[in-house]
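Trainee: Listed below, chain by chain, are the residues.
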Amino acid sequence: MAVLVVILTLLVLAAVLAVISAPIRAARARREAAGGAAPAGGDAEEALAARTLEDLEAAREAKYREIRDAELDYRTGKLSREDYGAIDAELRAEAIEILDRLERLKPTDA
Amino acid sequence: MAGLGFACLLLALGVCAYGVATSLYGVRSGRLEYVDSGRRSIYALAGVLTVAVLVLEIAFVGDDFAFNTVADTSSRTTPGLYKAAAIWSSQEGSLLVWAWLMSLWSSLALFLTRKHMRDVAAYATAVMLGFGAFFVFLMVAYANPFATTSPAPAEGVGLDPLLRFPAMMIHPPILYSGYTLCTIPLAFGIGALLARRLDADWIRAIRRFAFAAWLFLGAGVMLGALWSYSELGWGGYWGWDAVENAALLPWLTGTAFLHSLMIQEKRGMLKVWNVSLVLATGTLAVMGTFLVRSGILDSIHAFGGHTLGVPFVILIAALIAGSIYLVVSRRSLLRSEHRLDSLLSRESMFLANNIVLVGLCFVILWGTYFPLISEALTGKEASVGPPWFDRYTVPLALVLVALSGVGPVIAWRRATLANARRNFLAPLACALLTLLALLGAGVDGRPLALAMFCCAAFALGSVGQEFFRGARARRAMAGEPAPLALVALVRRNRRRYGGYIVHVGMAVLFVGVAASSSFEHVNELSLSPGQSARVGAYSVRYVRPTATVTPKYDAAHTGSTLSLGAVLDVTRDGRHVATLRPSEGFYSSGEAAQGSVGSLLGGQPVSHVAMDLTVARNVWTAIQPDIETPALKRIVTVGNRTLPPEDGIVAVAYLAREYLKHRPRAEFNLIVSPMVMWIWIGGLIVIGGALIAIWPAPARVRARVGAGARPRTVRGLARV
Amino acid sequence: MRYLLAVDPSRKRRLRLVAALGAAVVLASALMYTSFSAASPALSPSELLHQAQPGRSYQLTGMVVRGSVHREGEVLHFSVEDRAGGSQVVLAYTGTVPDPFREGREVIVTVHKQGGRYVGERNSLITKCPSKYKTAPPSENQNS
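Residue numbers (our numbering), protein chains in the order written: chain A, 1 to 110; chain B, 1 to 720; chain C, 1 to 144.
There could be a bad hint or two in this list.
Derived pair list, reagent style DSS-like, types lysine-lysine, alpha-carbon separation capped at 27 Å [as the list claims (entries may be wrong)]:
id : chain 1 : residue 1 : chain 2 : residue 2
1  : C       : K12       : B       : K266
2  : B       : K380      : C       : K12
3  : B       : K271      : B       : K380
4  : A       : K106      : B       : K380
5  : B       : K115      : A       : K106
Since the hints were derived computationally from the structure, they do not count as laboratory data.
Treat the numbers as computed from the prediction; the structure is a model and nothing was measured.
Chain A with its partners taken away, still in its complex shape (with noise of 0.2 Å):
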């Protein structure tokens, strides 16, 4: 029983062990592969370019609900004529921005 036990907690030992090492035995593989260590900055840089991608496209959908609201709350009376025109203006040029940025970082599509 308790050599079950043994073999066991090894085993739990050696999936633990597993999970967690795999990305960094993976990095280390990749570096090999490409020819010597990169420089880690390389990663900050592209994780920084990514976090302004994953930003701009949060923002891009937070602004089309926006505007969704907007003309919903226009239309079952909650804005006048004129609030909802100046406010729906307002709102597609801050969209129209935020579609710029992203084409700028990604300029293969829209």
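Starting from the structure of chain A, add chains B and C where the hints point.
Mentor: Positioned in the frame of chain A, the structure of chains B and C alone reads:
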């Protein structure tokens, strides 16, 4: 096998320590593979704790009484389902389940955000692993679920009969899920502050987790109230007990957060509020967990064990101090992008909503912790009771319901008089009509209840108007027939209309609370067979006693040895309404010292209530039969003296027969409450609305939004 | 009047903030102050015997004395003693008796002094779940 379980706990500690180190190193050095390794540490933690839980569950189901926890809370005679659930009925078992659930939800959260917010997620991972380490440490140092005794006892004590109810079995996992889910927004909030990143992406992620936490916590609280009402013998659903309150506090701040987040999204305001609310929700959840476990407050729920108090206090103090420091040091990041233009605007209403909810939270917090506060300040311990809580929470609840009718309808930035006239006329008319109708029907004498009914009518009118106008707008735009328009409206604006449905549910719930508490009729008295009692408009007659003997090894029921009860005939104006059979179950105590018969009946007695529940009212009955009459006591004594343990059941059968023969008096608790079911119906509506609100939009809609966005947006501008 | 309207917006906002915070502080203080007078002090039997004044409610906490429980119709009579033993308070209680109630258990009950006797207020009886860490035999372990 206990060795494997304990080894898993130690391994878990190691994984947590490694994960914290690697996440922090990865995010500071920019090396993503270390951040990923940290994330996988949470997955590994979940895996290891799952193994630990499995070890313990197998011990429970397999009656392995070498495990102290199993011996203390289960027995061979405990029915199967309750054996499996007994794992969370003890201090150490519940700690394990808490840690396990936390690791599971954390894994899910990190998995869903694995491609985003790498920096925020890295810090969040470290925080979550910190929590994991804390709870595992508690188990390793103070409350080990894998402690064993050798030689193993032959039989366990059995699951406390008070816990042998279906609701009791799902309430803890759901409540623990709620509590543990609260730590995820907390972790992401701390992460965002550390990474200096509080923007649309963060909002999108944290909203999902906060919503899930809110949903589970709310469901857990509701289940607790339902269990209390339908299965405990006092006939109430909320007693302002410390443990009930503890679960409500993070739910209140969570509600505030979910609403106030909308303002940050739309107008870039209330940022300080939002991070503070997120941090408060997580801290309150940890405080609630502490309160239940440390026994520092008198409550019928509290686990024993003052030894856990000190570590928890340190953790809570660290959370509070850390939160304040983070918010203050990042305040430049939290500046509002816009200012409040008018006190009559949607932004103000949401701000008022925050204030009322935080106010409610403060009142309940103060009242709950008052014994500690008064002891600290005056040296004498004192406590406040339900009347004090009711006095302050009821007016706040009224304001809340009224706000839920105003908020969705009032305009952004600045409400004009014309605007207000258009939008508030119909809801106010609803409220007024309701008031007149109720007064006309003779419902008076309870101003607070009337006020709640009117506020609810106002809120419901407002929501109804929204649905009506929205469907009408959709028909104008898309030409669909009315029912289709309604469905399409909700599908395309899930968050808004799902939220409205939640408001409807809350209004219904509060109406149920107001009606059932203000207009209930109670009668507590003793009756002999044949006698009747009046309660409200109903007449309850004690027809005859009942006595059932359950064989000792019957797994079909809850495992009671003897059940004494009554058949009650409920009539109204002479017409038969229902036949109810309340009873009290007597259980084995497992203590041989009580004698061969005494030990079969000496365990915790449990009341089984009987009720006739309709939408309009509930007739609730409970019985306290007297098992200690001289005649019955003599049977037990004689049986103890003359019968061997395995024949004790014979005396119990004889006792049952004698009980029926002598037809003794019994104490009855009779309650008629109007509209209690509305509380549970309201709760279901809230859950339904919440599910609609968080249901993700179908993928094709999202794709449509992406493609062709620019031309459409430009076209839109040109249109104006 | 015109002066008030001409106040520049940021000052108006700051005034509003101060007013709101002030109101919050006042309300919170009122709440905290009144809670002390509304609260019932928690006393053990020996403290109760010394301090009780007729007309005030107290939260009596202690253990139910073995052999002291008997019921007369609707009224349940029992004695509560100090956790450490010693003084006992006899009281008459009407109302719901929670399932966990039994001799030797810790209870909390709201009482007031009526003449020379102590009366337990209706439905105020709470029985504490026995702690797992008591030295008593591992009989009832109630944790929920």
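Trainee: Now tell me if each hint is right for this structure.
Mentor: Hint by hint, here is what the structure shows:
1. C:K12 x B:K266: holds, 23 Å
2. B:K380 x C:K12: Status violated; Cα separation ~45 Å.
3. B:K271 x B:K380: violated, 41 Å
4. A:K106 x B:K380: Since the Cα atoms of K106 of chain A and K380 of chain B sit roughly 67 Å apart, the hinted pair is violated (cutoff 27 Å).
5. B:K115 x A:K106: holds, 17 Å
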